[in-house]
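Undergrad: Chains as they are written, first to last, in this note's numbering: chain B, 1325 to 1614; chain Y, 360 to 741.
Quick caveat, the hints were computed from the structure, so don't treat them as lab data.
Don't take every hint at face value.
Unchecked claim - With the Cβ distance kept under 7 Å, some of the chain Y side facing chain B (calculated, not the full set):
no.	residue
1	A398
2	Q515
3	E554
4	T564
5	Q586
Nothing here was measured: the structure is a model prediction, and the numbers come from that model.
Glycine residues also receive a C-beta, built at the ideal position from the N, C-alpha and C atoms.
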Amino acid sequence: MDALLQFLFSGLTVGAVYALVALGFTIIYNASDVVNFAQGEFVMLGGMITVFAFEAGLPLPLAALLAILATSAIGVGLNKLAIEPARGAPVVSLIIITIGASIVIRGATQLIFDKQLHRFPSFSGDDPIHVLGATILPQSLWVIGGALAVFVGLWVFFTRTLTGKAVLATANNRVAAQLVGINTGWVMTLSFGLSAAIGAFAGVLVTPITLVGYDVGVALALKGFAAAMLGGMGNPKGALVGGLLLGCFEALTAGYLSSQYKEAVAFIVILGVLFVMPQGLFGRKSTERV
Amino acid sequence: MMSKTTTALATLAALGALSGAAQAEIRLGVSVSATGPAAFLGDPEAKTIEMLVEQLNEAGGINGEEIALTLYDDGGDPNKARTFATRLVEDDEVVAILGGSTTGTTMSILSVAEDEGIPFISLAGAISIVDPVRANVFKTPHTDRMACEKIFTDMQAQGITKIGMISGTDGFGASMQAQCKEVAGDHGIEILADETYGPQDADMTPQLTRIRNTDGVQAVLNPGFGQGPAIVTRNVAQLGFEIPLYQSHGVASDAFIELAGAEAAEGLRLPGTALLIADKLAEDDPQYKVVTAYTEAYKAKYDQDVSTFGGYAHDAFALIVDAITRAGDSEDPQAIRDALEATSGLVGTTGTYSFSPEDHLGLDLSAFRMLEIKDGDWLPVE
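Isolated chain Y (complex conformation) (with noise of 0.2 Å):
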């Protein structure tokens, strides 16, 4: 009798709790690219940030009142995602929109958003999202300008001055590549020799053999994604070169050194985030106790190692919500956008995000950490 009247109780308080909610909940919406040729990017982020939304929610949301997420998968085509966005704010009524896993999908989402005054935190890698700056749109991924600046500043260190590279021509590739060759001039680094290569190709020695016959290239630099980085990695070491390999932070993943093999990878360097070394970091590094707590949770709930993607979702989230929680009033999406615009100092994982009128990105050359491949692991560079 008295566990009936206990059951009962937690009922009508579970009912309670239900339409307290309700009345007052924060509406988000999210489009990614869980399907589709960008499900690598889109596939974790969507993961994240579901399991964000309910770890929050079991903690009691924001100020007492929970997220309700509207989560639609745009399947990579700018197209679907226009649609989503429209949708999330006509008929969910969203207060801000996070998403974007592509490029492509960002600047249809970021017309709507722009359009429509609500807040949007992309979560792709171009410079033009951010540059010239937009109201409402801002982003997690650092650019590509600045992987470039981190590999060139680590090259000056090592004193190499002449470089070759092998870019992929897929549009990761390509944008980086042309990035790349801008600043090279920067930081007293020519290039020598300039080869591409398709997205899909299978062997990369002869491109390699002419960069390798160029005289005087003191290390390659090899922007690319997907198979093509692990292809010209294995032939690096098939052709025995003798000169140091730098890798983009579009491969930062335990995957890529199994892809690579841990002999050839041997001894690579790329910009990559401190979730690739969670288990590496110094109890009193700032990044530890948000890194630790996000890999931790996701392979706790998903039994799959977290990749810099879903860093990239958990640090648009934890934006979100410190800003609707600053800004007070979480119907207002222009509030949560000034209160977003007044971010400062928030640790993701990704980095240290601290926007202004003039900075949407909000991190600096610090959030990427030099890494070295060894013994089949990531190693920080000191």
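Chain B with its partners taken away, still in its complex shape (with noise of 0.2 Å):
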């Protein structure tokens, strides 16, 4: 029984890093329809600049609040140097100037910091919370609150905000959404920097947990790509539970069935909720007018 617990208490630690890099992926998604390859790398520029500003003294939070507010920049600028010239394009192009986007960013960081491995301390201390014989890190419950709080924050936004309104709809139609008066560029811009700060945010959170070094974005986007798609891509609740759920899948294999399969069960299920319901299991219904 003890084990069992010990089992959901990984896999919702885990679960959470995913579905705080899954929920960065639904803002750009939602105003753009382009799936933000870059996202795993805002995760990774957010944990580096907090380690590096906080080894040049400043304190914890300050630094992480550097952080998220240098790695939004990066989220603008990207939209501004590579996504805007290349505004007629269509989605699979910008899908692949993400890609390339990621490779310099990852390339850029291992030049100007460098390429070891770092971590910084957790925010309330490593000593593990005894929950009925299983264990659990305080850092943990911070990944978790802070999934739940992205949830809310974004669920609000894109419901009960006329911005969050203006975002889905420049993505539903550009041009109709511009002729209401939709100013869809800046709708661009600020979605690109939610989202990079959402993934700073994130990577200032699992640092503690996961480290963190230059080239740790690409499995974060990965799984969190994994995370979204189960849950439905661009439906922040899809995020929340897609990546808990793949946590937990992950987890479970390992402690019931063997680690060697974790991976291969978790996309084993992704596939098989896919093929039953393409969209994922939040996902929206698009339907095409021809």
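Fit the two chains together into the complex; they arrive one by one in their own frames, and the hints show the way.
TA: Below you can see the structure in the form of structure tokens.
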């Protein structure tokens, strides 16, 4: 019994990491239908900049804030310099541009910072919390809490604010959105800035658990993308549930079957879900009018 | 006026020295992975070799001949490594090649070196590089199998016979996992649990919980590399294991203690080289001089701590310099190869090398030192 609880704690910890990354995908996707493959790099930047600002003597909260702002600026820069000039290009081309951007960011990071792994202290110490014979680290609670907070924030943003609705409208039909007075260029800038900020926030929260180095972004983006697909791309609820489910699948497989098959089982489940529900668990059904 | 004459004379002398060196220089080729995924290996290796060449040339070179270094960065790509090895042999006409940071790049360089009859000292770990023995191929790092044997010897001394293993699925972890399973029986060690994790995984508590729930496990062994072992160490502390944890030589660096946290890493053991405990070596230790000289020079030049990997490059360079000195002919690769094979008792940072026609690794288990982490620092286990 305590084993099951331990597996679930592990699954929730890892799942919350995936969920945070997956949540970062939603805004850009909602604004432009582009899956931003540089999202993992935003997470990495959040961790790396915090590490170096912290080592330079800044207090941790200030270092984290700096990292989030800087990454957000990089996100805006990515939109201005790479996405906007290719405005008329099809979505697939834009996705390939984000892959290129991720390679550039990775390369620049290893030159500007370094190629080593880093870590900064957990926010509330490393003493595990004991629950019914299982243990969970305080930092895991921070990550889970962070994922929930971002989820609530995004949900409110998309359903309760005019700006959020403007983002959705831009994705739905850019020309129509422009006709009703939405500044679509500004919406794109905003969505890249926000996505990058969410990514960096995720990086700040997960670094004490996962550690950070210039190349951790790829794996994080892949798992986050898988989580987002499972839950339904573009839906914050889908990202949260997809991430947590993916984490729990992996942990339970590692715990009860074999750690060799952990990723395989998780991806088979995802394939199965997508086979039956191509939109993911909570994805919006889209109908194309010809 | 006087000073002007001196300057002119000095310039003349310098010019003379330069042209003299150009006539008789030893061309040495290096291909390491200074950037890319294996940069943590190749970066300190490249820095080490550049520093040592500079030092040697300042001190007058080998028998009065300076070394002309050609260093390529293969970025960890075996195809590039092959191109660079060919270029080193055909265009740069080197008499020996050092490098091959990873087993993959080594295998590329190795075939070129064998075809062209150029001695090659590899900096990669796999036992397949020198087993079977190839005429022109040598290597400096110890093998995974030796690390396993060193760990199992220590376990035996502690009376441990039943263990659980948790290995990374990266190349290093998988290779060492296989080697350890092969030699465990020879040391009376039984592996009761055999778990794995992906190189980028963030939490290993499920696997560790399985090991903990396996009856009779007396110790945990974690062959791995990069962040995995640091996370395993933290998870072991989180779960409150009361049995000892052994890590591999793959994480033998001060950075590892920082990543894992001194508290979580307390009491952990691993096989490492003398480099890690440079400041704690006794002055009569055979490796004291070479290790201290290397660590101090590296720190002074780059303001970074040395790593085991830079040490492999240091030893490869020391071996080739020693061989060229003894060969007497710095133009003939085969004479250098023969001298290299006759190396005996050369003290490096990794261990003491003695090559023979049957052994192109030249190290024994004594090259490894069993280390324990105590209060955030490495301590040799007696």
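Undergrad: If a hint holds in the structure, say so; if it doesn't, say that too.
TA: Now the hints, each set against the structure:
no. : hint : result
1   : A398 : 4 Å, holds
2   : Q515 : 27 Å, violated
3   : E554 : 5 Å, holds
4   : T564 : 4 Å, holds
5   : Q586 : 4 Å, holds
Of the hints listed earlier, the one the structure fails to meet is number 2.
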